[in-house]
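> Sequence:
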Amino acid sequence: MSDDTIRLATIGRILRRRWRLLTVLAVVGALVGYGTSLLFPPRYTTSASVLLPGQWEERELLTQAEIATSSVVVDRAAATLRWPGVGGRELQDRVSAKAADGNIIRISGTADTPERAQRLSDQVAQQFVAFAARLAGDGTDPGSAAGPDALRKMVVQTSRRITDLAEAADPGQTVESVQARTELEKLRTALQDAVKKLDEADPATDKATMVVMGPASRPTGEAAPTRTQFIVGGAVLFLLLAVVGHLAAARVSRRLRTAPEIAAALGSALLGTVDVPGEGPGRRPKGRGPRARIRRLLGIDTRWDVPDPQPSGGEAGRRIRYRRVCARLRDRLPGSRRLLVVVPDGDEIARRAAGQLVSEAEADASPASSGRGYPVLRAVEVSVSRPLVPDRDTESGALVVLSAGSWTAGELAGIAEACADAGHEVVGVVVAGAVRGRPTPSAGPPADEAAPALAGRGHATGGSV
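Counting from -5, one number per residue, gives the positions in the sequence shown under our numbering.
These are calculated hints, taken from the structure and not from any lab test. Glycine residues also receive a C-beta, built at the ideal position from the N, C-alpha and C atoms. Errors might be hidden in some of the hints.
Calculated pairs, SDA-like style, for lysine to any residue (alpha carbon to alpha carbon, straight line, at most 20 Å) [as the list claims (entries may be wrong)]: (1) K92 with M207; (2) K92 with Q58; (3) K190 with V150; (4) K180 with K190; (5) K92 with V66; (6) K147 with A130.
Ranges between beta-carbon positions, derived for each pair [said to hold, decoys possible]: (7) R430 with V238: 26 to 34 Å; (8) D69 with S211: 36 to 44 Å; (9) M207 with T152: 35 to 43 Å.
Given only the sequences and the hints, what does the whole structure look like? Please build it.
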């Protein structure tokens, strides 16, 4: 796993073998999300639209959107609303504006109740229109500049006054009267030019005549993130973290997964690999106590990163592998010798494989045997955390049987040191693997009948075992 690419099959294996743990973690994540939602009160959001007549460029619309959320507009809205403890600075974070299609500025307000959200959006829209009108000179304040219509009326009135003054002037041909009428005509012409320019400027002036397109609608649902979103997000987050945690743990795992690596860690030769029939990656360990029950309940008492068993080649093929291992032992140790079969405690696959090896060697001693001269084997289970191998008695070596992907190099080195400390030389290593299929009746004892050979940890079982 540490060197393999993460595939969908790996994710599927995690979900299939750890579904109980993932379900519990998802429920915990949902509860955490619910608790987090209690820290954030519900919020409601609604929008009011302001129409900008005339032709507007995109950058001008963006400028108007910035003006709609400026401190001047928001402060005026806060002063009008007069909410206790809520000023313009607080409202600034609850108001947003953006330019939409059709020269529309959409102003959104967020509050803790639907009524307040509606009032906030409407008030900011109104203050924005009023402020934009003042900027364009179309306000109603006494101190503001006169609007275009007022200026046009003043020009008409002045023109009439000039006509009256020209008619009332001295009709004579004196120099003074001629100069006065000439100046009045120049003033009339200037006023007419001003009116003409004012008319030409009307389209640009009309751009400032903004209209609020009705009141904001009252929101019927909470704004994101809602409580449901918090709950779902917490469950999904914990689920993803659990899957990523499994993958990360598998990546950094130091368990040896190949037979040559295992043999090198034990400092001995690989005598072969054998198959153990089974429906899954291994039987559940028979632990007791509260922790063991919790592990079984959550489904974490078995390995998830062990590949699914491959199809079995049949009982005959499996027995051939065991006989070959026994034959290699005979070749390495000429003459009938007694060996100690060391199995790591908790390795169910290795325990069953060792039982089958003991049965094969025991069958050689029966009268029906052809006298192959296989070594006599005695199997013991050894704790990996504190390995202790029985002292050398009649045995003249140790055979280590274990499954791949279950132990680290340091743990195997500890077993090898325990064997050496007890006076046993590790003469070989056998790696066991699980296959799909059940054993069929054969001439020799079935593997399930041989498995009890390891029932007594560290003690002899059977006549020659």
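> Determine for every hint whether it applies to the structure shown.
Right, here's what the structure says about each hint:
1. K92 with M207: Holds, because 15 Å separates the two Cα atoms, which is no more than 20 Å.
2. K92 with Q58: Given that 20 Å is the threshold and the Cα spacing comes to 9 Å, the pair holds.
3. K190 with V150: Answer holds: K190 to V150 is near 12 Å, not above 20 Å.
4. K180 with K190: holds (15 Å)
5. K92 with V66: holds (17 Å)
6. K147 with A130: holds (18 Å)
7. R430 with V238: 26 to 34 Å: holds (30 Å)
8. D69 with S211: 36 to 44 Å: At roughly 25 Å between Cβ atoms, S211 and D69 fall outside 36 to 44 Å, so the hint is violated.
9. M207 with T152: 35 to 43 Å: Distance hint for M207, T152 holds at roughly 39 Å.
Of the numbered hints given earlier, the model fails hint 8 alone.
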